[in-house]
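> Sequence:
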Amino acid sequence: MASIKKFQVTFDCAEPMRVARFWREALGYVAPPAPEGYDSWEDFDRTLPPEQQDAWAVAQDPTGEGPRMYFQRVPEGKVVKNRLHLDVRVGTGLVGQERLDALEAECVRLEALGAVRGQLLLADEENESCQNMQDVEGNEFCLD
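Residue numbers for the sequence shown follow the working numbering, so the first one is 56 and each next one is one higher.
Misleading hints may appear alongside valid ones.
Below, a list of computed lysine to any residue pairs in the SDA-like style, where the Cα atoms sit at most 20 Å apart [as the list claims (entries may be wrong)]: (1) K133 / D109; (2) K136 / F196; (3) K133 / Y84; (4) K133 / G169; (5) K136 / N187; (6) K133 / G173; (7) K61 / H140; (8) K136 / V64; (9) K136 / Q174; (10) K136 / V171; (11) K136 / D67; (12) K61 / Y84; (13) K61 / L141; (14) K133 / V191; (15) K61 / P117; (16) K133 / V64; (17) K133 / R73; (18) K61 / L82; (19) K61 / A86; (20) K133 / T65; (21) K61 / V143; (22) K61 / D142; (23) K133 / E192; (24) K136 / K60; (25) K61 / R79; (26) K61 / E120; (27) K133 / A110; (28) K136 / D199; (29) K136 / E195; (30) K61 / G121; (31) K60 / L139; (32) K136 / V191; (33) K133 / W111.
Ranges between beta-carbon positions, derived for each pair [unchecked claim]: (34) G119 / V163: 25 to 31 Å; (35) L139 / E91: 34 to 40 Å; (36) R101 / R164: 29 to 35 Å; (37) Q107 / N182: 43 to 49 Å; (38) D179 / N137: 18 to 24 Å; (39) P90 / T118: 20 to 26 Å; (40) Q108 / V150: 45 to 51 Å.
Keep in mind that the hints were calculated from the coordinates and are not lab data.
Just so you know, even glycine gets a beta-carbon here, dropped at the ideal spot from N, CA and C.
Let the hints inform the model, and build the full structure from the sequences given.
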């Protein structure tokens, strides 16, 4: 029998700390403990040479169950639609108006964090409703 592997989701981005802060808030994730001698990762980051500042950041599930998320600075900007995206499960088990209300409430919360609302896809014969969104750097994700 094959063993289940842990994995990390990596985001290429322009501002890793900003994007990591968004996803920590969106998912209830946290930053790992700051290096010894520093109160925060931001304090540690300020000690690095300018070209190494805001080069990467991490968001992790405090329970250890969800995948670790790694954000790395890259020089190029996002130019096309993601080939892979996250589905943030906020309406699991809900249908109809109850599901739409849950999607709307989460959409409003994430917009306050800097997300951008996309198209609302209404339920059909095969799928339940979901809300397309973009994070603070335009990475697509769905509220499902």
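> Determine for every hint whether it applies to the structure shown.
Hints versus structure:
Using a Cα cut-off of 20 Å, the hinted pair K133 and D109 holds, with the two alpha carbons roughly 18 Å apart. For the hint linking K136 to F196, the alpha-carbon distance of about 11 Å falls within 20 Å, and the restraint holds. Between the alpha carbons of K133 and Y84 the distance comes to roughly 24 Å, so the proposed pair goes past 20 Å and is violated. Proximity of K133 to G169 is assessed by CA-CA distance (about 17 Å); at most 20 Å being required, the pair is judged to hold.
At roughly 12 Å between alpha-carbon atoms, K136 and N187 fall within 20 Å of each other, so this suggested pair holds. Restraint check for K133 and G173: satisfied, since their Cα atoms lie roughly 17 Å apart, inside the 20 Å limit. With a CA separation close to 18 Å, the supplied pair K61 and H140 stays within the 20 Å bound. The suggested pairing of K136 with V64 holds, with an alpha-carbon distance near 17 Å, which does not exceed 20 Å.
A distance of roughly 14 Å separates the Cα atoms of K136 and Q174; the hinted pair therefore holds under the 20 Å criterion. Distance hint between K136 and V171 is fulfilled; the C-alpha atoms sit about 15 Å from each other, no more than 20 Å. For the proposed pair K136 and D67, the alpha carbon gap of about 13 Å is at most 20 Å, so the pair holds. Distance check on the hinted pair: K61 and Y84 sit about 16 Å apart at the alpha-carbon level, within 20 Å; holds.
A threshold of 20 Å between alpha carbons decides the hint, and for K61 with L141 the separation of about 16 Å falls inside it, so the pair holds. Between K133 and V191 the alpha-carbon distance is near 12 Å, which keeps this suggested pair within the 20 Å criterion. Taking the CA atoms of K61 and P117, the gap is about 15 Å. The hint holds against a cut of 20 Å. Taking the CA atoms of K133 and V64, the gap is near 17 Å; set against the 20 Å cutoff, the hint holds.
Restraint check for K133 and R73: satisfied, since their Cα atoms lie roughly 16 Å apart, inside the 20 Å limit. Between K61 and L82, the direct Cα distance comes to roughly 18 Å. Compliance with the 20 Å bound is thereby established for this hinted pair. Proposed proximity of K61 and A86 is supported: the alpha carbons are some 18 Å apart, at most 20 Å. For the hint linking K133 to T65, the alpha-carbon distance of about 14 Å falls within 20 Å, and the restraint holds.
About 19 Å separates the Cα atoms of K61 and V143, which keeps this hinted pair within 20 Å; it holds. Between K61 and D142 the CA atoms are separated by roughly 18 Å; this keeps the pair inside 20 Å, and the hint holds. With a C-alpha separation of about 8 Å, the suggested pairing of K133 with E192 holds against the 20 Å cut-off. Under the criterion of a C-alpha separation no larger than 20 Å, the hint pairing K136 with K60 is inconsistent with the structure, at around 27 Å.
Between K61 and R79, the direct Cα distance comes to roughly 19 Å. Compliance with the 20 Å bound is thereby established for this hinted pair. Annotation: proposed proximity of K61 to E120 holds, straight-line Cα distance about 9 Å (limit 20 Å). Taking the CA atoms of K133 and A110, the gap is near 17 Å; set against the 20 Å cutoff, the hint holds. For a cut-off of 20 Å, the pair hint linking K136 to D199 stands: about 19 Å separates their Cα positions.
For the given pair, K136 sits about 7 Å from E195 by alpha-carbon distance, which is consistent with the 20 Å threshold. Taking the CA atoms of K61 and G121, the gap is near 9 Å; set against the 20 Å cutoff, the hint holds. Between K60 and L139 the alpha-carbon distance is near 19 Å, which keeps this suggested pair within the 20 Å criterion. Restraint check for K136 and V191: satisfied, since their Cα atoms lie roughly 15 Å apart, inside the 20 Å limit.
The suggested pairing of K133 with W111 holds, with an alpha-carbon distance near 17 Å, which does not exceed 20 Å. Hint check: G119 to V163, Cβ distance near 29 Å, so the stated range 25 to 31 Å holds. One distance hint, 34 to 40 Å for the beta-carbon pair L139 and E91, holds here, with the actual separation near 35 Å. In this structure, R101 and R164 meet the distance hint of 29 to 35 Å, their C-beta atoms being roughly 30 Å apart.
Taking the beta carbon of each, Q107 and N182 are about 44 Å apart, inside 43 to 49 Å as hinted. As the Cβ distance of D179 to N137 is approximately 23 Å, the hint placing it in 18 to 24 Å holds. Distance hint check for P90 and T118: the Cβ-Cβ separation is about 23 Å, which falls inside the suggested range of 20 to 26 Å. Our hint of 45 to 51 Å for Q108 and V150 holds, since their Cβ atoms are close to 47 Å apart.
Of the numbered hints given earlier, the model fails hints 3 and 24; all others are met.
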